[in-house]
Amino acid sequence: MSILVNKDTRVVVQGLTGKEGMFHAEQMIAYGTKVVAGVTPGKGGQSALGVPVFNTVAEAVKETGANASLVFVPAAFAADSACEAADAGVDLVVVISEHIPVMDMIRAKAYLNARGVKMVGPNCPGIITPGECKIGIQPGYIHKPGTVGLVSRSGTLTYEVVHQITSAGLGQSTCIGIGGDPIIGLNFVQLLELFRDDPGTEAVCLIGEIGGDAEEKAAAVVAAGYPKPVFGFVAGLTAPPGKRMGHAGAIISGSKGRAQDKLAAMEAAGITVVRALGEFGATVAQTLK
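Using UniProt numbering, the first residue of the sequence shown is number 1, and each one after it goes up by one.
Simulated from the structure, these hints should not be mistaken for laboratory data.
Incorrect hints may have been included.
So the derived label-pair ranges between C-beta atoms look like this [said to hold, decoys possible]:
id : residue 1 : residue 2 : range
1  : Gly225    : Arg115    : 27 to 33 Å
2  : Ala110    : Gln286    : 41 to 47 Å
3  : Pro182    : Met1      : 15 to 21 Å
Since we're looking at a predicted model, the values are computed, not measured.
Positions of the beta carbon are idealized from the N, C-alpha and C atoms, including for glycine.
Kindly produce the complete structure, drawing on both the sequences and the hints.
Structure representation (structure tokens):
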């Protein structure tokens, strides 16, 4: 089982004919993802990787039945591309593009929310249900079908934890990189709720980092009575205040956003906190086996 995407998900790639879009769409197709359409304004009627290209997402959805979109366009156009996908009627928009202006994302997020369209990202690796569907830039070969759900603010740490879980003999139900920007789509709390209701997910891993209060809000959900084991890690334990750690949203401001506070909230909620990242997979395996 899985959340959000599965073997029946039909994907339209916005920006398919660009260098990055072409490369990663080819990887997605090789993984088995149903990439049914591409969109590049002005290139409608062409094909790329054997996939038809349309001028608009609306045309692509009408002709192919696409129900999810992958946004792989330059930052200046990414927010509008997400809004176009929402207007076309897809259920899920995955935004990989980075450096999108904050005000653009505030507008786009409100636009998608008003239409009931879910968004993953921006500035994220995407979402993958191992063996069924990969929408994004993840290295598919490290994933394995299983029962561990994973949500992460860090792309690189997502890959590290997935590799450890797979190496420990377990697999993943669905893995989602939610991105490290200040304004994102689906968050820890919303995805915890989806994993709670998924019978194919036995446990959930949360990979957090400094900045914001997403981890504290997730801890509150678990503290209120979450029915599945939850494992947590927070990157940036030694980060000094005011130092931005790679992601725009990963910055300690005053006394807020500190890793120590997030870890304390997780432990108080009953989340199994892993302080050494290299022990994550073994900790999950020892608990679940």
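Taking the hints in turn, this is what the structure says about them:
Hint check: Gly225 to Arg115, Cβ distance near 32 Å, so the stated range 27 to 33 Å holds. Distance hint check: the CB atoms of Ala110 and Gln286 are about 43 Å apart, consistent with the given range 41 to 47 Å. Distance hint check for Pro182 and Met1: the Cβ-Cβ separation is about 32 Å, which falls outside the suggested range of 15 to 21 Å.
Comparing the model with each earlier hint shows a violation of hint 3 alone; every other hint is respected.
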